[in-house]
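Peer 1: Could you put together the complete structure from these sequences and hints?
There are 2 protein chains.
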Amino acid sequence: MGELIFVGLGLGGVDDLSARAIRTLKECDQVYGEFYTSKLIDSTPDDLEALIGKKIIRLSRKEVEEEETVVDAAKKGKVAFVTAGDTMAATTHVDLKIRAEEEGVSTDLIHGISIFTACSSALGLQPYKFGRTVTIPFPEPGYTPLSPYENIYDNWSRGLHTLVLLDIREEEGRYMTANQAVQWLMDAEKAKGLGMITEKTIICAAARVGSRTQKVAANYPQKMLVEDMGPPLHAVVVPGKLHFIEAYALAKFAGAPEDIIED
Amino acid sequence: MGELIFVGLGLGGVDDLSARAIRTLKECDQVYGEFYTSKLIDSTPDDLEALIGKKIIRLSRKEVEEEETVVDAAKKGKVAFVTAGDTMAATTHVDLKIRAEEEGVSTDLIHGISIFTACSSALGLQPYKFGRTVTIPFPEPGYTPLSPYENIYDNWSRGLHTLVLLDIREEEGRYMTANQAVQWLMDAEKAKGLGMITEKTIICAAARVGSRTQKVAANYPQKMLVEDMGPPLHAVVVPGKLHFIEAYALAKFAGAPEDIIED
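Sequences listed follow chains U and S, in order. For the first sequence, the residue numbers in this note's numbering are 1 to 263. For the second sequence, the residue numbers in this note's numbering are 1 to 263.
Simulated from the structure, these hints should not be mistaken for lab results. Treat the hints with caution; some may be incorrect.
Copies of the same chain look alike in the list, so a pair counts if it fits in one copy or across any two.
As the list claims (entries may be wrong) - Calculated cross-link-like contacts (lysine to aspartate or glutamate; reagent style EDC-like; alpha-carbon spacing at most 20 Å): (1) K223 <-> D187; (2) K241 <-> D154; (3) K26 <-> E68; (4) K78 <-> E3; (5) K241 <-> E150; (6) K192 <-> D42; (7) K26 <-> E49; (8) K75 <-> E227; (9) K26 <-> D15; (10) K78 <-> D108; (11) K252 <-> E65; (12) K78 <-> D42; (13) K129 <-> E150.
Peer 2: Right, dumping it as C-alpha cells:
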C-alpha cells in the first residue's frame, strides 16, 4: 500500500527547504502541488522541479477538492502533496488527508514555515497576543461582507492583534495589496462606525514575508494607503494594545511614528 | 560594522534546517543560542555544532536579557542568535534586535517552523480559528493565577480554539506534561465554575510537534489525564466550536470518540 506525505514548502524559495523535505520529495514517485491558496515568493514551481529532479503536477482547486487523483496515485506508490506555507492550513488539505487514510493510505506531515507566525515575527509583535485570523476578500458587485471588520473589532476590543490575510485569485493573477486592504478597512469603518480605524490607528503591513525581499511598514491609514509594499504576497496586521517593546519595534523597524511609543 | 542574524531552528532536528540557515550559520564568526524558551526535539545543540562546524555559545536568560554579550560580538563580526521554533517569539528576542540596531548593527531574520502553527496542523484544526495563545505555569506555593483559564474561556465562548503552551523550566529539566495541564484545567474549572471543562469537553494534546515522534491525542478530560504522550515537549489545545472536518480529523487521527462528529 502507498503513502501520502504532506509537505509545507514554507514561504521563501527552494533554498529554504530542509534536507528532510528535499530527500522526501526526491524519494517520491509522484509530487502533486496546489499553488492557489498561497505561493513561494523567491522560487517558482519550476525551480522546485529542478531541485528535486521531477515534475510537480499542479492541481486546480476542483482537482484537489472533488477528484481522487492524489489519493489514487498514493494507493500505488509514495506520493507527496506540496503547498506553500505550512501544510494543513486549508480545510481541503485536512479533507484530503482523511480521504487518503480512509482508502488505507498511510499519511505523514512535514511542516513548513507559515505566514501565521512569520508575519508576527517579521513585525516584532508577540504571537501570543493575536486573536483569530481574518481574510479580506476582493469586493464582489452587490456583496460586501463586513464580518472581517467585525472579527478584527472583536480582537481589537480585547487588546488583541489581528493577522489579516488578503485574497488571492491565482487563476486571474490577482493578489490583494496592503493598500487595497487599508481602503477596505476604511470603507468598513465608514459602514460600521465602531471607531476602530481612525486617523490615528496604526496599521501594519508585511510584504513577501519569509523571502529575501521581506518588507514591513506601520503607520496611520492615510500613509498606509499609499505605502509602496512592492510585489505580492502582502499581509496586514491591525494591532490591539501594543506592549512597549512592540511599539518600539514598529517604530524602529517598520517606520511607525515615534509617538506611539509614548502612548 | 557587524551583523546579527536571528535564526529560528524549527522544532525537529538538524535535518529540518534549510540550506540557507545552514550556510548562514557556517558563515558566522560566532553563534549564540538560548534553549530555555524551547528546544529541538530530535537533535541536541551538539548535533547542530557538528553540522555547522563551530561551537554554539549557550546563554542563560540573564545573559540574553541583561548582558551585552551578543550585541558586543555582533559589533565586531557576523553573529547568529539561534532559538528553537521561530525567532522573535519572545519579547526578549525583539528587545535584543532593537538593542543591536541601536548600536548600529544590522540585523536579519531567518524564520523557523513554530509550534504556534505546527500544532494546529498536526491536529488538523484550522489555524484561522485560534484565539489568543495561553501559557500554563507550574503552580507555585500560594500563587495560582487563573488568567489562563479565563483567556481560554474568552476564546471558547466565541467558538475559538486555544493553543495552550506549557511551562518549561529548562534549568531544572522540568517540562509540564499534557496530563498536568489537563489536571490544571480541571482544577481551574472547579475554582471558576464556568462550565467549560466538563466530562464531555474534548481536550487535545500534541507531543513533540515537528519531530519524527510527533503524537496527537484528543479525548475527554478523564482519559487525557492518563494518556501517555511520551517525552516532552507537550502542548494542549482546548477546541472551540469544531467544524465537521476538524471533528472528523480529531476522531480519525487523534483518537477522539466518534460521537463528536455528530455533535
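Peer 1: Determine for every hint whether it applies to the structure shown.
Peer 2: Results for each hint:
Taking identical chains as interchangeable, the C-alpha atoms of K223 and D187 lie at most 20 Å apart only when both belong to the same chain, with a minimum of 16 Å there against 49 Å between chains. Both within a single protomer and between protomers do K241 and D154 lie at most 20 Å apart by alpha-carbon distance, with minima of 13 Å and 17 Å respectively. For a Cα distance limit of 20 Å, the shortest separation of K26 from E68 qualifies neither inside one copy, at 23 Å, nor across copies, at 44 Å. Taking CA atoms no more than 20 Å apart as the test, K78 paired with E3 passes inside one copy only; the shortest distance there is 5 Å, against 43 Å between copies.
Proximity of K241 and E150 under a CA criterion of 20 Å is satisfied in both settings, with 17 Å inside one chain copy and 18 Å between copies. In this assembly of identical chains, K192 and D42 lie within 20 Å of each other by CA distance neither inside one copy nor across copies; the values are 39 Å within and 50 Å between. Taking the closest pair of Cα atoms, K26 and E49 come within 20 Å of each other only inside a single copy of the chain (10 Å); across copies the shortest separation is 27 Å, beyond that limit. Taking the shortest alpha-carbon separations for K75 and E227, neither the intra-copy value of 50 Å nor the inter-copy value of 32 Å comes in at or below 20 Å.
In this assembly of identical chains, K26 and D15 lie within 20 Å of each other by CA distance both inside one copy and across copies; the values are 15 Å within and 15 Å between. In this assembly of identical chains, K78 and D108 lie within 20 Å of each other by CA distance solely inside one copy; the values are 11 Å within and 37 Å between copies. In the homo-oligomer, the alpha carbons of K252 and E65 lie at most 20 Å apart only across protomers (19 Å), although the nearest pairing inside one protomer, at 44 Å, exceeds that limit. When the C-alpha separation of K78 and D42 is checked against a cutoff of 20 Å, the pair qualifies neither within a copy, at 27 Å, nor between copies, at 24 Å.
In this assembly of identical chains, the alpha carbons of K129 and E150 lie at most 20 Å apart whether taken from the same copy (18 Å) or from different copies (14 Å).
Going through the hint list in order, the structure does not satisfy hints 3, 6, 8 and 12.
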